[in-house]
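A.B. asks: Below, each chain spelled out in residue letters.
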Amino acid sequence: MSKKVSLLIVDDEESVRDSLYNWFIEDGYDVDCADSAKAALTLIESNHYDIILADIKMPGMDGLEMHRRIKSINKDTIVIVMTAFASVETAVQALKDGAYDYVTKPFDPDDLSHLIRNATSQIQLKSENEALKNKLISLDNIEDIVGHSDIMIKVLQEVESVAQSNSSVIITGESGTGKELIARAIHFNSPRKFFPMVSVHCGALSESLLESELFGHEKGAFTGAMFNRKGRFEMADGGTIFLDEIATISPKMQIELLRVLESKTFMRVGGNKEIKSDFRVICATNRDLKKLVENGIFREDLYYRLNVVNIIVPPLRQRTDDIPLLVNHFLKKYCTSMSRDLISIDPAALKRLQEYDFPGNVRELENMIERAIVIGNGKQITLKDLPLERNSIGSSYKSLDELEKKYILEILNKHDWNISRSARALKVDRVTLYNKIKKYNLKSLK
Amino acid sequence: MKKKSIQLVSHGQFEDSFIDTIAEDIAREFNAEIKTEECHADLNAFYAPSRRQYDANKLIRFLEEQSETKALKIICLCQVDLFIPILTYIFGQAVYKGKTAIASIYRLKNEPYGMKSDDDLVLDRFRKVVIHELGHTFGLVHCQVPSCVMRSSTYVEDLDQKKIHLCKHCRNHMETLFE
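Going line by line, the protein sequences match chains U and V. Note that my numbering has the first sequence beginning at 1, numbered continuously upward. Note that my numbering has the second sequence beginning at 1, numbered continuously upward.
Just so you know, these hints were derived from the structure itself, not from any lab. The C-beta atom is built at its ideal place from N, Cα and C for all residues, glycine as well. Please note that the accuracy of each hint is not assured.
As the list claims (entries may be wrong) - Okay, the calculated bits of chain U under chain V, using three or more residues with CB under 8 Å as the criterion:
| hint | stretch |
| --- | --- |
| 1 | 14-20 |
| 2 | 35-45 |
| 3 | 109-118 |
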């Protein structure tokens, strides 16, 4: 996953360019040369260089001016200025403008090796630092997966077995069930854990924005694109890309995505340079992707490319045993963040929570607990602190049919879609239940 | 497999045994047949008075132009202080993946560094420089293995740290390149 460091040598003297070129080629770097600032800027526009060694005195544009322009194109590039005429003023000016170092020609061979080695270490440190930062931010979220119910343990076992592989994963589940947390759990238990996990919420972006977000763009690719920008695929090099709400992407983006997944190469918007990235893809959706494929909304080839492993995250109403654990977890979390003493929950309130169907799943429960801590008496959460007065099985239904559909689905899921047991629980015969399943077009998520 | 042919051109006074030892090293390391030749060219044209040194790049170009040999590679052993425009000094220079290289004994002696003369050590250093520069002509880049002869050396102490042989990785790489 380590890349060759790329160097650009800018000097108007051919002998200097050739000498440096040879020296660095022998050292194993990727090297390009330019004989003027103008030629260098043209090269920089279309290629990425980690380090630029530029002469300070050149006809046309001098090294200092060129350095300023380079920084406006790519501020991460390390620029080392060289001169045959040492002067304190130019050295100070170069360093003030952000040059990494300043050297006088000719160099001692050892000084030159040291200089480049130090610059290379800085590049590596910077990328490691970014990767570690991402890791630290995300690691907290692993602790947020709370649950000891059988169904949740099964999910975590699936996470464990899939984490070590490189396969694409689709995580399916209703909104608020914690699909992103599952994706993080996969990433941070995988060999890719020391590299970033990059998340993209596809549903929140328009087609053109999503394209630029995923692939990056070159300066001037569109109005407002003043600088080059790395895309999410590029940022996820070595790590994992998490595409949330994958079902919302447009047909055009589906084709683009399929191509990238197959070749692991892409071009930035407005660019002509092919970029390689080694990433693993994890997607999430709250829709039935297979059904979308049948309806021609989602490409079948992309579906099969993504759906190597499918993990289904259960809704909270299917794991009511986890509600007490989750409540305690959120109480601890929010009491700590609000600097309050840890408070408890009234058993009656907890019982009521376990009876509630939570259409918004864990996210709804979390918000409920946070709200209860804010408005409560500061000692114990009681029924009146919870917005559950209206109805124990939810009050957001628009019709009796909708209520019936939800209730039947709940009972079916509870009995693993065993028709006889579900019919008994509903106190109807099996034929009636079959008819209801047909009427509401109910399907098992498994 | 047919052996590669390498031409060893010496300029200045070197003892025969000295040249023979280096020729044996090259033959062993590169599985090559060595031809030796003496060169008596006037090097004044390559002297830079402002630096009081000899321009290695110009010397290499001169060697390439003068050479009539059918040898695969040519290396010139000399006794003068070499430079390339960007560096204050060099021990040797090669055309990467090219035909020609040059190595000088000038900076390998102990005396200029304030140490006792040691002919064996000088020979040992020179052998390493020669193998290293020829390695570049075969397309090898600097190696990170501390004992490998292809490790970059900017001081004589660096030369003393490494061995005279190519490491396993460089040997395999060279064979791949050569195939």
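A.B. asks: Now look at each hint and say whether the structure bears it out.
C.D. replies: Hints versus structure:
no. : hint    : result
1   : 14-20   : holds (count 5)
2   : 35-45   : violated (count 0)
3   : 109-118 : holds (count 4)
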